[in-house]
Amino acid sequence: MYVPQTSDDRRAMLDAIGVKDIRSLYDSVPDSIYLNRPLDLPKGRPEYAVSRMMEAYAENNRRYRAILRGAGAYDRYTPAIVRRVAAKEDFVTAYTPYQAEVSQGVLQSIFEYQTMICALTGMDVSNASVYDGATAAAEACAMCRERGKTGVLISESVHPQVREVVATYVESATGERPTLIPTVGGMTDADALSKLLSTETACVLTQQPNFYGLIEDAEKLADLAHSAGSRYIMSVDPTSLGVMKTPREYGADIAVGDGQPLGLGLSFGGPSLGFMTCVSSLTRRLPGRIVGETVDNEGRRCYVLTLQAREQHIRREKAQSNICSNQALCALTASVYLASMGAEGLRRAACLSMTGARTLLRLLTEIPGITRAFPGEFFDEFVTFVPDSGRISDILEKNNILGGLPLTIDDKPAILWCVTETVSEDVLHRTAQLVRKAVEG
Amino acid sequence: MKLVFERSLPGFVNNYLQDCTIPADFSSVRAQKPSLPEVPESELARHYTTLASQTRGVNGGFYPLGSCTMKYNPAAHEAYAALPGFNVHPLAPPDAVQGCMAVLWDTQRALCEICGMDEFALQPAAGAHGEYAGLLLIRAFHRANGDTVRRNILIPDSAHGTNPASAAMAGFHVVNVPSTSEGLVDLDALRSLANEETAGLMLTNPNTVGLFDRNIEEITRIIHDVGGLCYYDGANLNAVMGIARPGDMGFDVVHVNLHKTFSTPHGGGGPGSGPVGCKAFLRRFLPAGHIIKQSDGSYISETPESSIGRIKLFYGNFLVIVRALAYILTLGSDGLKQASEIAVLNANYLLSKISDLYDVPYPGHCMHEFVISLDRFNKSHNVRALDIAKALIDCGIHPPTMYFPLIVQEALMFEPTETETLATLDEAAEALRSLYRMILEMPEHLQNAPHNTAISRPDETLAARKPHLTFQ
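As you go down the protein sequences, you meet chains W and G in turn.
Numbering-wise (the working numbering), the first sequence opens with residue 4 and increments by one.
Numbering-wise (the working numbering), the second sequence opens with residue -4 and increments by one.
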């Protein structure tokens, strides 16, 4: 399949090369390692058979009519135009735009993406994206590292998987794991942070809204980090920035996050994208591809990959990051999402989610035995203590609703709930009824 | 072309969601709304159609970009990735996502057979990410043995830049291994560099000049004899599927690029997927989020006991893996081998059609790609590799990879792939032959190429000296 030569073509080609068969072209492969059997895989199949197989895999997953689970992956509404644009074959089948003359479309789309991500975060510079929000956070920590200043402080209220990825990266580069900043009432403990900060601290990393959905006092955390001579990194939810204070307003030096909510679907967790932005003084430390505006020989505006002296193909082992592929098609998807929604569309998505989350919180906490775990300002996720998270999850599952994520907080069962604009008021009331049934038995 | 911001109608709103106000209890509100475009959907549709028309993909023409394996991306793959059943939450309970886990498991097993490995982990999101994960496996292995002096990774001077960068990120010291005049690993140099400080070797085979290193078994033996491990960079796996397996060559760890060999699209630079495979003795170090099949036939994800830790959120670039599995199921054992054979046939054919005019630095049959050098014409006619690359654009051909590998002066690296017809190869050969005549007769025409594109050569120095990275 997908090989277009006839047997006559092959014969003619072998003759032109001057060999008798294809095996002769592999004369440098020693007999001892030449595979003298077929691969132990089934033979090729027609497309129709494979399409039925792929449908069968997909049908083996359960689909819910409503999803009340977030925790890093959000079921958001995507305007239809987003998928249509992202499916355009020129974008889908292109490579990294090394050749600017035939890649102005993709280069301009990245330049537009960089601009929109900066508008969203309030930061000065954005790269063309990295793999996901967790690797973006890890790369951000690497940006802050200097001689004698390598320590990373990371809040316990950062998404657990993000913390794990950051720990892997930091440990491999410095030999030391990041230090965890404890939380009090679900929020980063500022007093503990002041005690942990030292002249060896390269950076402080927190999440906004944090893993529990709470709004951190990020301005204070930024001030503490800066007063110790450290940099402050914020991991942010892009949807929240439709209404929320920006990382720039809080005083962040670097803002990162996962772009999944920007039109990328749940997709069992990937692909999404990691966005990375910073203040202009850190531009040359930013890893990954960056597109810049310039002019061509005739003075016409155009776009190129730029500042490549930072990158692995030039600097090799001296490069700060090994990143080569980014998530370009996901960045295009995110920019079409942002361009079509606009500031007002994003604000509506954020407000609908926040409003729904407040409704669900009120309904759930009316049920005896369910209390909010942490007080404080929140966005569209919140945690409740529950008598038994398994029973609640089960009854919701049976009614085709994916409930919140079960957690254990202070040895007590709890659930992290999330409401997005895709959850109707009816579903929220139905959910509360079902939870009440589960709790009351 | 207008920027999307230049199409804005201030105050315009596409009515996708109902209006809503900020809840009264919420006070952490941004001072100003973000300055995003405010463009009617009809105008947006035209904007992106215009951008697409200025983007060259594989479907737009021959794309022999060396080392990138720009083969045809099957239309069916996009339909499979769009199946609603795959759009599920990554933190849903395992029993609700058995279909996704089966996709991951079946892909892991197929990649093991293709590469001669015992385990595969699918979390790495790209080739460089796979390299990083694989090197962490090597590091974890030595550490678990109490072997703390092994800090060197040996890397040939012909390697991709990601190899040394990944080694440095994984905390290793990079030692460069020279190549022989034949473009192969210098065995004597390798023997003298390999020692008790060697953690491992990273190698691409076929290598970056397009040659299969016939000494591969000796190379891996030299490394194993000093206690090091061997890492296979699968960037060039497209030459050897069903023909020679990295595991049989003596490699302990491999990564493959699903977006190259397994024809998931490149997407203008991503998303890719760079699964990492290993032999059984490294199983316990695999990254978090590994899929295993239980005795009752169900699947779960686990973190192996001595895991290197987590390297990515959730399960990797899942929808890329869906496409790769579909490719493996479609081609099967016979089709995968045929893909490699025809990739090699196509490359040798194109090479045979131009090797009388252009200098080929290393003799012998190439694998799926080959390198030519423009050094002679640079000296004689001031025509560089860049000029030929740009002139090919005017011939409707995407330029090959330029100035790589670094060990060849004025290098151009061509990788036709197996999905190109004989007619396309003949046209490409004819284009290169006519460019040869132009080198001799009208070099200035080449020095200003391309001539038929929307823009001419960009001023890259200006872009780097005065970075202008957002629309103001």
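No wet-lab data here; the hints were simulated from the structure.
Cβ coordinates follow ideal geometry from the N, Cα and C atoms, glycine included.
Hints may be right or wrong, so weigh each one.
Claimed, not checked - Distance ranges between label pairs, derived from CB positions:
id: 1; chain 1: W; residue 1: H316; chain 2: G; residue 2: E439; range: 41 to 49 angstroms
id: 2; chain 1: G; residue 1: T44; chain 2: W; residue 2: K198; range: 29 to 37 angstroms
id: 3; chain 1: G; residue 1: P89; chain 2: W; residue 2: R40; range: 29 to 37 angstroms
id: 4; chain 1: W; residue 1: H316; chain 2: G; residue 2: E300; range: 44 to 52 angstroms
id: 5; chain 1: G; residue 1: E1; chain 2: W; residue 2: A59; range: 44 to 52 angstroms
id: 6; chain 1: W; residue 1: N63; chain 2: G; residue 2: E300; range: 37 to 45 angstroms
id: 7; chain 1: G; residue 1: L401; chain 2: W; residue 2: T202; range: 52 to 60 angstroms
id: 8; chain 1: G; residue 1: A19; chain 2: W; residue 2: A193; range: 54 to 62 angstroms
id: 9; chain 1: G; residue 1: T143; chain 2: W; residue 2: P390; range: 30 to 38 angstroms
Results for each hint:
1. H316/W <-> E439/G: 41 to 49 angstroms: Cβ of H316/W to Cβ of E439/G: about 30 angstroms, so the range 41 to 49 angstroms is violated.
2. T44/G <-> K198/W: 29 to 37 angstroms: violated (57 angstroms)
3. P89/G <-> R40/W: 29 to 37 angstroms: Cβ of P89/G to Cβ of R40/W: about 36 angstroms, so the range 29 to 37 angstroms holds.
4. H316/W <-> E300/G: 44 to 52 angstroms: Roughly 37 angstroms apart at Cβ, these two residues miss the hinted range, so it is violated.
5. E1/G <-> A59/W: 44 to 52 angstroms: Roughly 48 angstroms apart at Cβ, these two residues keep to the hinted range, so it holds.
6. N63/W <-> E300/G: 37 to 45 angstroms: Violated: the Cβ-Cβ distance is about 29 angstroms, outside 37 to 45 angstroms.
7. L401/G <-> T202/W: 52 to 60 angstroms: violated (40 angstroms)
8. A19/G <-> A193/W: 54 to 62 angstroms: violated (27 angstroms)
9. T143/G <-> P390/W: 30 to 38 angstroms: Violated, at about 50 angstroms.
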